[in-house]
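In my numbering, the protein residues as written are 1 to 59.
Among the hints, a few may not be true.
What the hints assert, rightly or not - FRET-style restraints, in silico, Cβ to Cβ:
#, residue 1, residue 2, range
1, E58, R4, 14 to 24 Å
2, K41, Y13, 26 to 36 Å
3, G26, M57, 14 to 24 Å
4, F10, K31, 13 to 23 Å
5, E8, R54, 10 to 20 Å
6, R4, G26, 30 to 40 Å
7, G26, A3, 12 to 22 Å
8, R7, G53, 25 to 35 Å
9, T28, R4, 29 to 39 Å
10, P42, K14, 30 to 40 Å
11, F10, R52, 19 to 29 Å
12, R18, R54, 35 to 45 Å
13, E59, R7, 17 to 27 Å
Honestly, the hints are just simulated from the structure, not real lab data. The structure presented is a predicted model; accordingly, all values stated were derived computationally and were not measured. Glycine residues also receive a C-beta, built at the ideal position from the N, C-alpha and C atoms.
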Amino acid sequence: GIARLSRENFNSYKSKIRQDILGRFGQTHVKELEIAAVGGKPDTRFGLMLDRGRIRMEE
Numbered sequence: 001g002i003a004r005l006s007r008e009n010f011n012s013y014k015s016k017i018r019q020d021i022l023g024r025f026g027q028t029h030v031k032e033l034e035i036a037a038v039g040g041k042p043d044t045r046f047g048l049m050l051d052r053g054r055i056r057m058e059e
C-alpha cells in the first residue's frame, strides 16, 4: 500500500507521471499539473496545485 511506499519508488512514480503530463499537455502546463510538495519535513504533503474550480468530471 501507499504507507509502505519508499522514497525511491515515490520519486520514480512522480517522475513517470510528470513525463506523461509533459507528453499530453506540453511544457507550458507541467507546472500547474505536476505533483508538488507543500510544507516542510517531516510534515511534507504532496498534491496538485491546480485550482479546484478548474477540475471537471466527465462521463
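(request) Determine which of the earlier numbered hints do not hold for this structure and return their numbers in increasing order. (result) Of the numbered hints, 1, 2, 5, 7, 10, 12 and 13 do not hold.
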